[in-house]
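Number of protein chains: 4
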Amino acid sequence: MAGNSFGNVFRITTFGESHGTGIGVIIDGCPAGFELDIDAIQLEMDRRKPGQSLLTSQRKESDTVSIVSGLFEGKTTGMPIAITIPNEDQRSKDYSHLADTFRPSHADYTYQAKYGIRDYRGGGRSSARETAARVAAGAIAKQILRKAGVEIHAFVSQVGKIGLEKPYTKYDQTKTEMSPVRCPDPLISKQMENLIDEIRLQKDTIGGQVSCVCSGVPVGLGEPVFDKLHADLGKAMLSINAVKGFQIGSGFDSMGLTGSEHNDKFYLDGERMRTHTNHSGGVLGGISNGEHIMFDVAFKPVATIMQAQPTLNAAGEMVVIEGKGRHDPCVLPRAVPIVEAMAALVLVDFWLRNRAARV
Amino acid sequence: MAGNSFGNVFRITTFGESHGTGIGVIIDGCPAGFELDIDAIQLEMDRRKPGQSLLTSQRKESDTVSIVSGLFEGKTTGMPIAITIPNEDQRSKDYSHLADTFRPSHADYTYQAKYGIRDYRGGGRSSARETAARVAAGAIAKQILRKAGVEIHAFVSQVGKIGLEKPYTKYDQTKTEMSPVRCPDPLISKQMENLIDEIRLQKDTIGGQVSCVCSGVPVGLGEPVFDKLHADLGKAMLSINAVKGFQIGSGFDSMGLTGSEHNDKFYLDGERMRTHTNHSGGVLGGISNGEHIMFDVAFKPVATIMQAQPTLNAAGEMVVIEGKGRHDPCVLPRAVPIVEAMAALVLVDFWLRNRAARV
Amino acid sequence: MAGNSFGNVFRITTFGESHGTGIGVIIDGCPAGFELDIDAIQLEMDRRKPGQSLLTSQRKESDTVSIVSGLFEGKTTGMPIAITIPNEDQRSKDYSHLADTFRPSHADYTYQAKYGIRDYRGGGRSSARETAARVAAGAIAKQILRKAGVEIHAFVSQVGKIGLEKPYTKYDQTKTEMSPVRCPDPLISKQMENLIDEIRLQKDTIGGQVSCVCSGVPVGLGEPVFDKLHADLGKAMLSINAVKGFQIGSGFDSMGLTGSEHNDKFYLDGERMRTHTNHSGGVLGGISNGEHIMFDVAFKPVATIMQAQPTLNAAGEMVVIEGKGRHDPCVLPRAVPIVEAMAALVLVDFWLRNRAARV
Amino acid sequence: MAGNSFGNVFRITTFGESHGTGIGVIIDGCPAGFELDIDAIQLEMDRRKPGQSLLTSQRKESDTVSIVSGLFEGKTTGMPIAITIPNEDQRSKDYSHLADTFRPSHADYTYQAKYGIRDYRGGGRSSARETAARVAAGAIAKQILRKAGVEIHAFVSQVGKIGLEKPYTKYDQTKTEMSPVRCPDPLISKQMENLIDEIRLQKDTIGGQVSCVCSGVPVGLGEPVFDKLHADLGKAMLSINAVKGFQIGSGFDSMGLTGSEHNDKFYLDGERMRTHTNHSGGVLGGISNGEHIMFDVAFKPVATIMQAQPTLNAAGEMVVIEGKGRHDPCVLPRAVPIVEAMAALVLVDFWLRNRAARV
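Protein chains in written order, with the working numbering: chain A, 384 to 742; chain B, 384 to 742; chain C, 384 to 742; chain D, 384 to 742.
Wrong hints could be hidden among the right ones.
Which copy? The list can't say, so a pair holds if one copy fits it or any two copies do.
[What the hints assert, rightly or not] Straight line, CA to CA, 27 Å or less: simulated DSSO-like cross-link-like pairs of lysine-lysine:
#1 K648 <-> K707
#2 K558 <-> K648
#3 K558 <-> K544
#4 K573 <-> K530
#5 K530 <-> K549
Hints listed in this document are in silico derivations from the structure and should not be mistaken for laboratory results.
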């Protein structure tokens, strides 16, 4: 009800603010008997954490996860898994000038208006730091899915106006991690890097797109009519900070096509029903059809810029602010593991929900 | 859990199939003491029903709503409101050839695979007929919101490659209903009509975009971090049949902008904090900021086409099907009230949820 | 949120008032592929309906169920099952004198105070007529459970101060239905009948106890720590009209015992772990242990009595009311199928939830 | 779904095991702007903690709460409140002999059977240690309720066969805390103490009853038909370790009464509708009526006894166990704050839910 939980059977609740003592997550409903790989969780945390390269914020956070409960002799017990992640490099005084000021295109004003109070340090709970908790939970979801044959790969497909030119099937997604931008095309990756660097020097920020491909998803995930698989994927992605759009399969391009062009024709591949094209993005009628689930997520440019901006304070007076602290000129590289984590959380939840579909 | 409910406080559950005796909806959590305008509900039903013009399916449904419970002397009592809508013009035999056949880009295959059984008549529960129940519930949500000062206007902004050229603020949205396509620009509406007509004669179908503007929304609606207002709007829209994409405010276009271009600057309008631009689409940090909530919804072309298509049957044999029955060459005109209904259901739910935000 | 739904995976939502056009229920989450026995549903309705004997209300209701959706060729499809039950023998004018009067120990005053409006005819939604919808849904739950080997038998174990003297294991529960009171001991049943008859002639009412035994319940149902099996059984029973108490196994008698007396000692019965005694009532730590689940439910005497009673009206004036209409002197006989229905709804829900317990 | 959350608007999720690093709770939905009294939280923890007197377990736990999130400058922010409580005095080796043994009337067997794995140290998650997290969350609920005029007082009304002889209205509940048993009658308290001491020396345990009175509860709390106020109170109480029964108002005694005896007659007290008697226990039709909410909770004797008991191990062999560690001969004194906490959690949740009852 208050919005800090996600999922139905595999259900997470995150807590914590950017500049409190720490953040964390409870997973309730993780099935028992699964042998957790803690290193694999930490690896995902490292992919999200700041300071990986000059392209990202220079805040120093080791983002070391502690598993407080729900694990016994290395295995899940079916009890709630609590994970905590301390905040290490808070510089709260960087934010004291914001106590009474509403930064443009940030959540300061709306939090203040809704709750009558806000923790203004680093954006408090509205900070993207909260997504670290999602990545930790998503890393567990990913492990469970992997064992069930599901792989999730996200990558940066666009930064500013520079985008991939070939369909995702032409790229080797295992190469994504070799690019500091997390773009699988080495040449375009380099162009994106240059653009981000340029933008950073201009003390500005830039948006972009993350695309995500889920393979090995069994047929049958998704609960129509409201909890269609792509509807919950859409909600999951739109709940990530700075996301402004979501599309699956042919997405917005489907508008320009006719039915005869757009329909995915079936064929038989051994015993498996498959489709020649995948405009559907792996979902028919809200239920996975066994093809790749493929979707795109649009991120706006980060609102915090290092330039002076006029804005209003709580008294309604015009003031000038200038970004302090350590911020990302482009969140896209760090958004990749977050998109994967949210996708994993959606898929593992529907995988468990699907167990009740038949007598 | 099984996906047929939507909302938290104002919570609907729909039921019924395309060719059963009827469909309906239960609203649980409608506040007590509200004087319902039944005619206004019927008006919304009429906007969605088939047979309104040659642009839509010629199925004949009066879609007359009966309110079975929750109303006393014209007012809501706080008890569940059950609404039933009989199915009148079923021609189930139009579908008997589909009992064992999976239509391309329809839900036939995935329903069969998930549940091991399906009501194949007219798509059963996967039919867009189910959205009539949403429109009925949404009509009640709309009335409550209207009394609270909120207005919701959707319109067709694109059909195929023909789109509106001016921003929505340049159009008089009260003119939308005068266009058979529900496009507020008379000239472009005419072009869209011609395109749909052409496509219909080609026995094909075409996609498009519905845009929606919500005005008068109070500041404070939305529950971060997962139930961000635009995340739940996105889920609501993506749960509508044939939707492939959702974007809010600047949406996918935000990718090409810098932060300095994209940030919405605040100004004081009397006592009210407002923004000069609205790239945010009326939502900051997942909470409404008092500006227009503005979003776009992409619809793929209808999968049922009147042409012969090869496909597979349950035995895995290749067969040829051809659309029978009465189908829409373009769902966009009828999608407008559905988009409005789902938007209203989201907003009224958050409006009630927001009452618990402060002590 | 508004309280008209019950269950998580197998989730019901009931609607309707005592004197509206009808009542009904939606089941969302009934697994697909189950062959429904409609006659068996009607049989349960007949056990609950009024007019079965002079011991019950003489209201005439056939309580004929119509299944509107979710069924195809006799089998469940996994889609919502909507069931409607028309109200036939409303005599609303029997209630017009109550429009502004609050009957003692009824819900009139609290509904009015909470909602500011109420359907006063026959108690509106607060009437026990709503339980007919529960019995219909519970009848489906029972069928599914029976196929899984679970049997549920409730019976009247006390009326006024007349109670069964032997433990339930001494009775043949299949004889319960031969008693008009639904008490398995023929002699005590006769005494109860006489007492109810006497009370009826005194224009008064009397309370009593229903006991319930569930056998064949698999080990593992229940979700600690909050959704313990007996906690949800308790809630289910306490949600039935007129219920004032619930106890499981040794219940309130456990207070007088020591641990060494109360502990149920394990033994091995073939491959099965069993216990010699069953003070636990079939639940350990909130999870079923394979023994009989055994609980008792206390019902207060019906509040509507055929005697003159002073009470207050909405203006705060003292007035005298006298029961009109057709009421039960003792609800116990008709409560038996309601208790069974609610037990079945709890068990089937946990049975489906349990599928997600392990990887 | 997995059972570790409770409440709808004011929703808690607890985590942690008896012998892990600690336990804790997340509160999601605590309204913003409330000034928290941390000392008052600690005071409730101290009432529940072991080692208060010789009547309770001698385990040493300071149960010091840390508030990790959701608080800013002493006030709630509307964000999730995470509270952690370290485990200090684990002596896990006391339990190593239980790794493969199922203690009688404990959750060992059912946890093992359900999840295929269990943390056997001190009962793991099934330990009553988990209730410390509930008391922490309940202490916050209590503070909010107190400001709204609601007071909650529980007390021990029976131990073994020694019970209070006068109705609760005859006692000064502020004296409860002066009794080591938490019984407001000094003489009976002394008898109970003696009984517990005797039982302890016999290396046995004893059950009893906690009664609870909530005063100042506004009219209108409770959501019929399933979420009746007393149904959710019942569930809350039955979810506490060792509880076997719940009754409200006249409870099981109502069975022996006639309607004319049992009905609570209304009278006007100034502007307020009140009742002369309170057999209803403060709830009519599932909604609070403004009278005292009064209920009783039956606790079985603690299952761990210091005597040798035969039982089965995982291999199905008969073995003898003997309680080690530090256990309570009678949980009743420590159960009092737990009952109060759960009552507060139910009431604050319905108090917030009730805000959506009317337009």
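Between K573 and K530, at a C-alpha cutoff of 27 Å, which is it: within one copy, between copies, both, or neither? neither (34 Å within a copy, 55 Å between copies)
Check K530 against K549 for me: Cα-Cα at most 27 Å, and say if that holds within a copy, between copies, both or neither. Neither way: K530 and K549 sit 30 Å apart in one copy and 51 Å across, limit 27 Å.
Regarding K648 and K707, is the shortest C-alpha distance of 27 Å or less found within a copy, between copies, in both, or in neither? Only across copies: K648 and K707 sit 18 Å apart there, 54 Å inside one copy, limit 27 Å.
Indicate which option fits the pair K558, K648 if close means a Cα-Cα distance not exceeding 27 Å: within, between, both or neither. For K558 and K648, neither the intra-copy (31 Å) nor the inter-copy (40 Å) Cα distance is at most 27 Å.
Checking an output row: K558 and K544, CA cutoff 27 Å. Within, between, both or neither? Within one copy, since 22 Å is at most 27 Å while 36 Å is not.
This entry does not satisfy hints 2, 4, 5, going by the numbered hints stated previously.
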